[in-house]
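The listed protein sequences correspond, in order, to chains A and B. Numbering-wise, the first sequence is residues 79 to 405 according to this note's numbering. Numbering-wise, the second sequence is residues 54 to 385 according to this note's numbering.
These are calculated hints, taken from the structure and not from any lab test. Be aware that a few hints might be false.
[As the list claims (entries may be wrong)] In silico DSBU-like pairs for lysine-lysine, Cα to Cα no more than 30 Å straight-line:
hint	chain 1	residue 1	chain 2	residue 2
1	B	K144	B	K155
2	B	K71	B	K155
3	B	K144	B	K368
4	B	K266	B	K155
5	B	K104	B	K144
6	A	K324	A	K278
7	B	K104	A	K342
8	B	K266	A	K342
9	A	K101	A	K157
10	B	K104	A	K228
11	B	K155	A	K228
12	A	K114	A	K197
13	B	K336	A	K114
14	A	K157	A	K201
15	A	K228	A	K278
16	A	K200	A	K114
17	B	K336	A	K278
18	B	K368	B	K104
One letter stands for each residue in the lines below.
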Amino acid sequence: MTAPTLEVRNLQTYFFTRAGVVKAVDGVSFSVGRGKVMGLVGESGSGKTVTGFSIIGLVDPPGRIAGGSILFQGRDLAKLSEEEMRDLRGNRIAMIFQDPMMTLNPVLRIDTQMIETVKAHKKVSTEEARQRARDTLGMVGIPSPDERLKAYPHQFSGGMRQRVAIAIALLHEPQLIVADEPTTALDVTIQGQILAEVQKLCATTGTSMIWITHDLSVVAGLADDIAVMYAGRIVEKGAVSEVLDKPLHPYTHGLIGSVPSRNKRGEALRQIPGMTPSLLNLPLGCAFRARCPRASEACIAEPIMAEILPGREARCIHPHLDASEAA
Amino acid sequence: MNAAPMLELRDITRRFEKKLDFAGRIAQRLGAPVREEIVHAVDRVNLTVRKGEVVGLVGESGCGKSTLGRMVAGILPPTEGTILRDGTDIKALTGAEARQMKLRTQMIFQDPYASLNPRMRVQDIVGEAPRVHGLLEGAAFDDYVDEQMRRAGLDPGFKRRYPHQFSGGQRQRIGIARALAVRPDFIVCDEAVAALDVSIQAQILNLFMRLRKELDLTYLFISHDLGVVEHLSDRVVIMYLGRVVEEADTETVFRRPNHPYTRSLLDSVPRIENRKRAFSVVKGEIPSPLNPPAGCHFHPRCPLAMERCRVEVPKLREIAPGQRSACHLNDQ
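When you get a sec, could you build the whole thing from the sequences and use the hints?
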């Protein structure tokens, strides 16, 4: 066993607002092995994006990393200076955003932006950098990359723009890519193309990936491991097939039950009652308590993340263990 | 069933034109290659919806599904074609009758943030239309609004609040209460659950199904999410670049899809049952509706395209009882 590419230990990212301290990420731990895809799943406000931003060092004030460590190839990213972080960011660690226009400058041609990125971390001639840019565009499946390099972002369709953003992330062959809902805004056929491309890349280059999404179906087909977040904490993690077939935590259970294709047509979906609590005002103990069908008096005590089955961790004192209850 | 269908669209077409401005006209005179831009958003679509049915309308961006929904809801007039409601051409109606007919079709929008007036209280959002249309007397107003809110799963105690004080799912419930307040029998849902989290989406879908039974509603459910459509619909219509490519009952579309586009669409959908498998890929992109390919719109991406597909537009015709498809391969 080699050391994992990334190991996050007890990460705490808090936002110090006037209304109080928002614990957006509160004690998150996970690791991603080389060439593995880890799916980070959760609903709005669960802290999945802030976790991604913490790893790549993009948390802006009033937010900051209040505790824990992010070990990337043995170095703690949480302790690096901005200078050292900039050296890694875009070079060894890259990010893909939901909206590719967040990555791309609308008034610069693609070649300008890509060559700039290459030269930011490597001492190469412009010609070599252009060569690298063109090869990478070809790698992510953009037809006639030579001509497309001369285009502006608005001349690309949404799917193609996302490919360009992925190509920019890949320019330096990073060891880790953090992808934040990169296919959510795309049409299904285009999403299928991008997912296929990503799968191929991870398999051939050994790049590790954190795939942040709310869509369980995408993670099911793409990821090796999955971590489910709720109200700033990971409530369950494990191998994808294990977690999705036999969820332990009642929240995961409910989430899977809410997916329409899992239900009989025309019948009522198994819904989770209520809604996500405000992070400013979390209930005492288990944050899911108020919506949980299995909650009891004991849930007022904060449950800890524990290995419930071999290789399966969940933060619950009433996990679904009975096979007959499987989703 | 001999009764006229609830809704019938006959050769409905909607074009959007961008006329040349003054400079453009001069440039054209001088021989510059500029011309008016015309988008055929919806191109001769025929569609029938029977009473009590849920029809799912599926397609990717730019396929014209929202434009079609807006025409059905009466927000957008069609360029050509007729819309029949219970056998009556809605263009032939005037005055009070036309208004009455319009009330009977209501629409629920995708973005509950954009479709509610932020400066109105919930009671006014829900109660305004019934009051304007004289559906209720002054004294009955409060009770009526309470009833509408309760039915959509909202606490009537919140009726003096403003939209920003609600979460996304609750806002969508306000939109539903508003649509149902004028007692429609036909609802057009345009991506009504697309912006919601999975667990909230399930709640709203359950609400749709409950209301359908309670109020005997008919839905045109527009969505890009095949999972949602499969769950909710009795019949599914697939559109691609302004045309209907396939139409059949839900079972048939998902078990025995005929059109190559339907098949590749189904293959592209990630499913929770599929683990760590290669995603199958439809080649190419959706062409611009400004300049759609000749013949069958799908031919540049179709793995089975023949010479004929590049020239001739395939007709939508019945290939099995209750299943219609627009593909030349069915002629062989």
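Query raised in the report: Between K200/A and K114/A, does the CA-CA distance stay at or below 30 Å?
Result: Roughly 26 Å separates the two Cα atoms, so the pair holds.
Report task. Could you grab the alpha-carbon distance between K144/B and K368/B and see if it respects the 30 Å cut-off? Result -> Measuring from Cα to Cα gives roughly 27 Å; hence the hint holds.
Query raised in the report: Does K155/B pair with K228/A here, judged by a C-alpha cut-off of 30 Å?
Result: violated (51 Å)
Query raised in the report: Can the restraint linking K266/B and K342/A be considered satisfied, given a maximum Cα separation of 30 Å?
Result: holds (17 Å)
Query - K104/B paired with K228/A [C-alpha distance capped at 30 Å] - result: Given that 30 Å is the threshold and the Cα spacing comes to 54 Å, the pair is violated.
Query raised in the report: Under the criterion that the straight-line Cα-Cα distance not exceed 30 Å, is the pair K114/A, K197/A satisfied?
Result: holds (28 Å)
Query raised in the report: CA of K144/B to CA of K155/B, is that 30 Å or under?
Result: holds (11 Å)
Query raised in the report: Is K101/A within 30 Å of K157/A, Cα to Cα?
Result: Measuring from Cα to Cα gives roughly 20 Å; hence the hint holds.
**Report entry** K266/B paired with K155/B [C-alpha distance capped at 30 Å]
**Finding:** Since the Cα atoms of K266/B and K155/B sit roughly 22 Å apart, the hinted pair holds (cutoff 30 Å).
**Report entry** Pairwise hint evaluation, K278/A against K324/A, where the allowed Cα distance is 30 Å at most
**Finding:** holds (28 Å)
Query raised in the report: For the pair supplied as a hint, K157/A and K201/A, is the alpha-carbon distance within the 30 Å limit?
Result: holds (27 Å)
Requested in this report: With a cut-off of 30 Å on the C-alpha distance, tell me whether K336/B and K114/A pass.
Outcome: Measuring from Cα to Cα gives roughly 26 Å; hence the hint holds.
The structure shown violates the earlier hints numbered 10 and 11.
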